[in-house]
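Asks: Sequence:
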Amino acid sequence: MASLIVCGAINWDISCFVERLPVPGEEVVVKHITRVSGGTGGNIAVAAARVLGAKEVALIGALGKDDIAHQQIAALEAEGVITTGIKQIVGEESGQAYILVDQTGQNIIASHLGANDRLGLKHLNEAQVKQQLQECQGIVLTDPPLEVAEELINLAKRRAVPLLWDPGILIGQEREVLQSLAKEATVLFLNETEASALLGIEEVNTGLQKLKKPGFGNHAVLKLGAQGAAVLDAASGKVTEVSALPLKKLGLNVISTVGCGDVFAGVFAAYHVMGSSLERSLIMASAAAGLNATRPETRGSLDRAALEAMEQQFRNLEFTVQQYRAPKAAE
1 MASLIVCGAI NWDISCFVER LPVPGEEVVV KHITRVSGGT GGNIAVAAAR
51 VLGAKEVALI GALGKDDIAH QQIAALEAEG VITTGIKQIV GEESGQAYIL
101 VDQTGQNIIA SHLGANDRLG LKHLNEAQVK QQLQECQGIV LTDPPLEVAE
151 ELINLAKRRA VPLLWDPGIL IGQEREVLQS LAKEATVLFL NETEASALLG
201 IEEVNTGLQK LKKPGFGNHA VLKLGAQGAA VLDAASGKVT EVSALPLKKL
251 GLNVISTVGC GDVFAGVFAA YHVMGSSLER SLIMASAAAG LNATRPETRG
301 SLDRAALEAM EQQFRNLEFT VQQYRAPKAA E
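In the numbering used here, the protein residues as written are 1 to 331.
To be clear, the hints were calculated from the coordinates, so they are not data collected in a lab.
No experiment lies behind these values; they were computed from the predicted model shown.
Some hints here could point you the wrong way.
In silico EDC-like cross-links for lysine to aspartate or glutamate, where the CA-CA straight-line distance does not exceed 16 Å [unchecked claim]:
| # | residue 1 | residue 2 |
| --- | --- | --- |
| 1 | LYS183 | ASP233 |
| 2 | LYS157 | GLU135 |
| 3 | LYS249 | GLU311 |
Turn these sequences into a full structure, and let the hints guide you.
Replies: Okay, structure coming up:
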């Protein structure tokens, strides 16, 4: 059975590469288009499977009964992801994402949730899914419907297995409900926008102060893009920061940042369930996400052997780690 369960969206990504992102009312020329498997759940599952190996990661999600679903399942199975937990829903389209990517790699995404939004509690009670959830060593949540997220958070708590949550698109929902659920996650992944919206975190140095006020006792992982990443441990007051990969020194350029956060979460989760330290998980996740940005494909992460070999090489190129105690909150 799978050691890691991922639950989240499965989308068909239509990416349009443009010179620059348009302003409202402006039309820009598309240089080329790619159509590939995506979605946060699918992307995280693939990134984790490349580290953990075939049949070690199972995906819980929903697709329509359409041609896209067949292509999605085939792509996931080719990566060694267990797909028996994917529900195909009659009368619903498979999820799709429409993405504009400029020449610096920045992007704008509009998602049609489709079948993703129909994943429900009933699905979690199906025999194969229940067995997977009872036997796994860790769970990653991305953006399933809130009731599904709540049920899986509670299940992980009952089983005392780590739960890692990247709430993503759910951030736009009720803040108080999300904060309450977020307190129960072992690891909470947030980018800068999400950290500000959910917790009021504006920068790493003051982040722990914000975490302690609402009663968080878990680990918050901040994905800071070109500034790297950080783990904030509210219980111990320790901060671990990892710099971004020095891409220019490596002779690499950013092509697309689409999927980098998903690769980060998948690789972090994989190392976490293998028993690696938070520092090690953070380093490997940051390296994988940085490399993913240099590739046009959404799922551009490496397998474990290649990733670890490259991470060792990066250590001599200003890929650094800092640890310190966060300042105490003012009385």
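Asks: If a hint holds in the structure, say so; if it doesn't, say that too.
Replies: Verification of the supplied hints:
no.: 1; hint: LYS183 <-> ASP233; verdict: holds, 12 Å
no.: 2; hint: LYS157 <-> GLU135; verdict: holds, 14 Å
no.: 3; hint: LYS249 <-> GLU311; verdict: holds, 14 Å
Going down the numbered hints, you'll see the structure goes against none, and every one checks out.
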